[in-house]
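Participant: Below, each chain spelled out in residue letters.
Number of protein chains: 4
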Amino acid sequence: MIKGITRAGIGQAGSLEDFVRLASRYGFGAVDAGGGELEAWISAAGAERVNERLREQGVQIGSIGLSAEWRHNEEKFREGLHRLVKDAEAASQLGVTRCCTYVLPSTDYPAARFMAVATRRLRTCAEILEAYGIRFGLEFVGPHHLRTRWANPFIWDIPTTLDWIGAIGKSNVGLLFDAYHWYTSEAGYEDILKLDARQIVHVHINDARDVPVAEALDNDRLYPGEGVIPLTDFLRGLQAIGYTGVVSQEILTPQPLTAPAEELFAKSQQAFAKVFSAAGLE
Amino acid sequence: MIKGITRAGIGQAGSLEDFVRLASRYGFGAVDAGGGELEAWISAAGAERVNERLREQGVQIGSIGLSAEWRHNEEKFREGLHRLVKDAEAASQLGVTRCCTYVLPSTDYPAARFMAVATRRLRTCAEILEAYGIRFGLEFVGPHHLRTRWANPFIWDIPTTLDWIGAIGKSNVGLLFDAYHWYTSEAGYEDILKLDARQIVHVHINDARDVPVAEALDNDRLYPGEGVIPLTDFLRGLQAIGYTGVVSQEILTPQPLTAPAEELFAKSQQAFAKVFSAAGLE
Amino acid sequence: MIKGITRAGIGQAGSLEDFVRLASRYGFGAVDAGGGELEAWISAAGAERVNERLREQGVQIGSIGLSAEWRHNEEKFREGLHRLVKDAEAASQLGVTRCCTYVLPSTDYPAARFMAVATRRLRTCAEILEAYGIRFGLEFVGPHHLRTRWANPFIWDIPTTLDWIGAIGKSNVGLLFDAYHWYTSEAGYEDILKLDARQIVHVHINDARDVPVAEALDNDRLYPGEGVIPLTDFLRGLQAIGYTGVVSQEILTPQPLTAPAEELFAKSQQAFAKVFSAAGLE
Amino acid sequence: MIKGITRAGIGQAGSLEDFVRLASRYGFGAVDAGGGELEAWISAAGAERVNERLREQGVQIGSIGLSAEWRHNEEKFREGLHRLVKDAEAASQLGVTRCCTYVLPSTDYPAARFMAVATRRLRTCAEILEAYGIRFGLEFVGPHHLRTRWANPFIWDIPTTLDWIGAIGKSNVGLLFDAYHWYTSEAGYEDILKLDARQIVHVHINDARDVPVAEALDNDRLYPGEGVIPLTDFLRGLQAIGYTGVVSQEILTPQPLTAPAEELFAKSQQAFAKVFSAAGLE
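Protein chains in written order, with full-length UniProt numbering: chain A, 1 to 282; chain B, 1 to 282; chain C, 1 to 282; chain D, 1 to 282.
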């Protein structure tokens, strides 16, 4: 598995180029980024030079976020496809093979209709991404408070997300598997073993406060090893099924972190060292 | 448009062969049947002889019902595929190009997950039917009392069913468009004009009691022209968009009808004559 | 059916706005255009104003051409998707519901592999177009000389193109049905009757010189009624199956036509009048 | 990787139950079988008892062959779907997750049209298999003499088969990767490294005579380690990309082998031991 980092949990890390340099310095092999950041860097330096820099630093772009807005009306969705194609183009120039989006566990739209519409829209996104050799990860979101945040319950666990992936029906669609959502959807080690590594597109790691699981808040996460998520099980499970991709830290917090990026990167590096070593990795 | 008849509303009409003979005598050009009935007749008389009889009587098989059970668990669904293939085989031997299923407007399953699972299952059915040149019609069900009959609201109107058809994503899937459901989903003439005839796989006709639309019961239908559904608009709308397929009478009743089939066929014939002529057809 | 016109056969007709004005003056209800032309006009006048003009002139945009290059390597294909999204956006702003591409009957690529790759690529295009409510027409190309123009035979007739459409597997894909290709693929009236209007996305009309069919050249076409194509059969067949869309004139010629556009429009108008009236239309 | 065996290369091994017992005795963890064999055994002993036997012997069913005939006309194809559903049912009762078919490198049908038709048919098969949780492997066939055996060249190598899998567009379709075809299509170690283990559904192992590669005959194969195929590269490549599935021996011979099954099983066991150990496996 490749240690990865997102901007959630490392404060102000500057431009993508700076972010990559810091990631490399603190032992990370991948960063997650926005498509717009990739385009800006390519536009400034040229794809060849960017690839060279990534190689020098030993850092890959783990995943980009999906820019198309599939959660609202058709007009908004169509508007985003243009940007999706540009993002996919930029990503493919840098050898990025992952793009991800999250799925909220409730919705103000009628649930069945929203599922039908979203199935079609995400298939369109998957089709476009596939044309650029990019896999598409769907992140189910487990925290209980979000299940009633909007009017109608939607989906929030592994089996349902797999059912949805089956409905979308595209080979390049799989899970963004996040430790926080695995934990808050009350899945365990055995549930990971039921997966095939083929079904996992990307992984997020983080930790949860020592409160009843139903009270864990989505935007109040801890660094790996600081909380109660059984991350040893999480990582051993992924290892057992043969997952060899990126595991990216994502720490959502109530307020933006103000500590210097270097400090937060160092903290993250230690967090990874702790949980990876506890799981017998590296 | 071709006048068609189902067994709902004509009492005991005997074997499929008898049913076809009666349909022909009372001016119908199509009957809806079960796949098992087709197989039994083919098995008894041979496909060639059955086709000869249908030609002699000037009656086609309008549509068969979907035998696969897609509404429950995976095991039940798989069990039904075997029968679906047999039905499709029999149907294709008799030149039948339509198969339909109805969709209840509420479900005890969580709605979003059920939509995802049902999308995949119905795609599988569509794929099998397509191999035999058969189109697949989904019948949304409008009566309000059924929307709360089970725990979670599902879907019950034209736009949502079209969204679902988009999610399924197969060319051969379209609407079974039933006058009762058009009426109880409170759609009108303009809503038919928004459709393309390509989107309609099959049509049901019937009528509703003069009660507030929200109180019309699914299994308490009248013969065309006896009630308050604006069937002239219904038929003119279908005509306007170029629908040329079968329009089959389907009269669900609280109790099985006990009058002789001949009497009910005659009543049906008159009902069709009345509403078709009011719509300026034939 | 709606009389339509393309730029092939009317010389220099100026900007799209001029082209539309001339089309209207000479009795046409539709013009085919390039996506870039739509964007330029929208960009200059705003979509609302363009739609107003189209309404005033009683002219719709029948179809746009597919801008993505699906016939060469993967890189070129990807480059074109960006433009395809922009074209589709512009088209949807003007209510255009058709986009078409032609299929050459031979290829320098190995035929089976090219078919596999092209199937995937055209599915991606269809998926993008579908997001904008646009149907996608594939134009098989019949002239015999082109079947051996490149190293390996590809496809050039109705049944094979329908097989291909089945392989692509998207609901919004159908035929661009061109009279010249119908004639040179040696199909007849009966072959049109076997089609369902649902399968036809767009129609081209033109005529062929009185030479043996195997010698008819793709770029040496005549105006409707000037040659030997049985256009009465062609139009009656389309009428019989319920086709109600646009029939666009497309006259490919060895040299660009130098006569004034007004003269060629007048000639086209008379040509349509002649063949439509012979077929009992209008 | 799991050592597997097919009936090709072990003579007369009796019933499937006998075959499994012998496989177990000679150190194999998987056998390939026909769907009919599974049905017969289940029908005689019941699925539960069969599963118990397989567990006792430590043998799984690696893959079943595709019974549906997709290479000829539509009628034949449809006839086979019935059997395919029965095979898939039986397979799923025994936990079998693989079904495979081979693809001849030339065809008497026009190549492009055959590709289009076969794409649709194999998608239907994939869809049915998917309903039973079964993956579908396509075996490209490399020997040069078969490329001109029928009138038109079709496909015979990895990249083209992957293109085809993309055209089919179903998540559960991948390669049956056979050492003989890898070798005769002149692919090497590097070509395996370009694959993702996700793309491989099943593997066959065997060896080739020391003749120029273009002269290696499809039905004249040797046991692993007896010939010139660099099986160490083959197995190391599979290992490197993380393939953990079954590797089944398949030895096609000009004449049926007459030696006792025990002898041929022993020979196969030694062959596996030799090549696995040379590759540093087990």
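Calculated directly from the structure, the hints in this document are not laboratory data.
Incorrect hints may appear among the rest.
Identical chains blur together in the list; that is why a pair holds if it fits in one copy or across any two.
Unchecked claim - Here are the simulated EDC-like cross-link-like pairs (lysine to aspartate or glutamate), alpha carbons at most 20 angstroms apart as the crow flies:
#1 Lys274 to Glu139
#2 Lys86 to Glu69
#3 Lys86 to Glu215
#4 Lys194 to Glu74
#5 Lys274 to Glu56
#6 Lys76 to Glu48
#7 Lys194 to Glu215
#8 Lys76 to Asp163
Participant: Evaluate each hint against the coordinates.
Facilitator: Here is how each hint holds up against the structure:
1. Taking identical chains as interchangeable, the C-alpha atoms of lysine 274 and glutamate 139 are never at most 20 angstroms apart, the minima being 25 angstroms within one chain and 45 angstroms between chains.
2. Proximity of lysine 86 to glutamate 69 under the C-alpha cut-off of 20 angstroms is found in both arrangements, the shortest distances being 15 angstroms within a copy and 17 angstroms between copies.
3. Taking CA atoms no more than 20 angstroms apart as the test, lysine 86 paired with glutamate 215 passes in neither setting, with 39 angstroms inside one copy and 46 angstroms between copies.
4. Proximity of lysine 194 to glutamate 74 under the C-alpha cut-off of 20 angstroms is restricted to the inter-copy arrangement: shortest distance 17 angstroms between copies versus 36 angstroms within a copy.
5. In this assembly of identical chains, lysine 274 and glutamate 56 lie within 20 angstroms of each other by CA distance neither inside one copy nor across copies; the values are 27 angstroms within and 42 angstroms between.
6. Proximity of lysine 76 to glutamate 48 under the C-alpha cut-off of 20 angstroms is restricted to the inter-copy arrangement: shortest distance 19 angstroms between copies versus 33 angstroms within a copy.
7. For the homomeric pair lysine 194 and glutamate 215, neither the shortest alpha-carbon distance inside one copy (27 angstroms) nor that between copies (45 angstroms) is at most 20 angstroms.
8. With identical chains, the CA atoms of lysine 76 and aspartate 163 are at most 20 angstroms apart between copies only, with a shortest distance of 17 angstroms across copies and 26 angstroms within one.
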